[in-house]
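Colleague: Single-letter residue listing:
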Amino acid sequence: MINLASSLNKPELIVNGKRIDGRDFNELRPLKIEAGVLKNADGSAYEEWGDNKVLVAVYGPKEAPRYLADPNKAVIKAKYSMASFSGLNGHGRSNPSRREIEISKVTSDVFSNVVDLAQFPGSEIDIDIEILQSDGGTRAAGITAASVALANAGIPMKDLVYAVSAARIEDKVSIDVNMIEDNYSDADIPFAISPRNNDVLLLQFDGGVTREQMKEAENMVIEAGKTISKIQKDALKKSYEEVSKQYEEK
Amino acid sequence: MRHFVFPGEMILNSPSELNYTYIKDDKTYSKILGLFDESSNSLIPLKSIWQPRLNDKVIGVISSKGRNGSYDLEINQYIKGVLLTDRRDRQRYYIGDIVEGTVKEIERRKTVILEKPMLLKNGILMKINTAKIPRLMGKENTMINELTDLTDTKIAVGKNGYVWIMGENKNRAIEAILRIDREAHVPGLTNRIKDMLENKE
Chain S
1 MINLASSLNK
11 PELIVNGKRI
21 DGRDFNELRP
31 LKIEAGVLKN
41 ADGSAYEEWG
51 DNKVLVAVYG
61 PKEAPRYLAD
71 PNKAVIKAKY
81 SMASFSGLNG
91 HGRSNPSRRE
101 IEISKVTSDV
111 FSNVVDLAQF
121 PGSEIDIDIE
131 ILQSDGGTRA
141 AGITAASVAL
151 ANAGIPMKDL
161 VYAVSAARIE
171 DKVSIDVNMI
181 EDNYSDADIP
191 FAISPRNNDV
201 LLLQFDGGVT
211 REQMKEAENM
221 VIEAGKTISK
231 IQKDALKKSY
241 EEVSKQYEEK
Chain E
1001 MRHFVFPGEM
1011 ILNSPSELNY
1021 TYIKDDKTYS
1031 KILGLFDESS
1041 NSLIPLKSIW
1051 QPRLNDKVIG
1061 VISSKGRNGS
1071 YDLEINQYIK
1081 GVLLTDRRDR
1091 QRYYIGDIVE
1101 GTVKEIERRK
1111 TVILEKPMLL
1121 KNGILMKINT
1131 AKIPRLMGKE
1141 NTMINELTDL
1151 TDTKIAVGKN
1161 GYVWIMGENK
1171 NRAIEAILRI
1181 DREAHVPGLT
1191 NRIKDMLENK
1201 E
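Chain order of the listed sequences is S and E. Letter by letter, the first sequence follows residues 1 to 250 in the working numbering. Letter by letter, the second sequence follows residues 1001 to 1201 in the working numbering.
Don't take every hint at face value.
List of simulated lysine-lysine pairs, DSS-like, C-alpha gap at most 30 Å [as the list claims (entries may be wrong)]:
| no. | chain 1 | residue 1 | chain 2 | residue 2 |
| --- | --- | --- | --- | --- |
| 1 | E | 1027 | S | 73 |
| 2 | S | 238 | S | 62 |
| 3 | E | 1127 | S | 77 |
| 4 | E | 1116 | E | 1024 |
| 5 | E | 1116 | S | 158 |
By construction, these hints were calculated from the structure, which means they are not laboratory data.
Could you build all of it, start to finish, from the sequences and the hints given here?
Modeller: Next comes the structure, spelled out in structure tokens:
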């Protein structure tokens, strides 16, 4: 597969002080989440974030296989996978790729920190993240949707985590990069944040930024997180509110 | 006044040992998606996962048979039920039988030992979320008594979310239970169920 991104064909990422898709530097792409979309899963969520389309299903807690089981706590097993039709490159054609294994691992780690594992000893909680369409920032999109799916399953956890990626485009710090920006940006930093106390649960970093730019990125992420958290909460209560509304009208 | 709470949301400014909450820095936070009732200071989950407690009544399906009169029961996705019977006990169970029992012992929070078994025959088994079980029972079992009276059915409710129904009108009872599952968070449920069952007669 030809790698389309190279320094030779780099497009103008900043046009007239705006980003390539017309957004401001701290502006998120449109985000839409729906909870409880799958009947047979214990919890589920469907998310559209810009052109990303993500489906998450949560199963469990269920009995863990012996090699995985921990007698003192539950084990989180996240599986991130990209559908073969999700992007331009050849994804999902065979076994999980190196990248998919990595993202599955970091996602499991994020949720191991917030889910109340001690309540379900010897069990396993499965999180299946399926990327149906990808346009940059899918690991953040996957974590944001998985958080909603876990709450939808009734699994006790300390916080409703969200994730969003930050980037440096030339000398500007920006957030929620799309595929083109992701491929050509000078630094790419996905964050996962626990909004209760703004703890950072995931921080990956590739490229180079100064100390000040890193701080700016963090502040931008936390600011944008308020919007993301609100959308997550609205998604969770929506189906219950609809039922209540039927009776209020009468 | 009830309002929605989400995991990580602060519900009380002071530490308080409520169900489905945790305490951090002398404040109480919610662990689940639920409704918080300010007048009674209680958190009602909208979905939950059953945690076994002593004397809980549960319903399970016999999944395998041991040698000395012990049976394994499927009661939950990860908690295993074990039923020990005496040789003098005449009742025999077969794989697939639906049995109601009471939790006598909990082993390592993964296996529950059941006692006082009762075979449930000729009925139908359904599952609802365990968070809705208290609503299905009602205050002092008012809801479930009304349901059995009005539909003329026999209903057994397990704390693990299994509900067993027998009787000619079981379809109407199932309809009512599904409605309870869907509308448990809206006040005035008992009256609505009563109206629904009475008007159809």
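Colleague: Run through the hints listed earlier and report the numbers of any the structure violates, in increasing order.
Modeller: 4, 5
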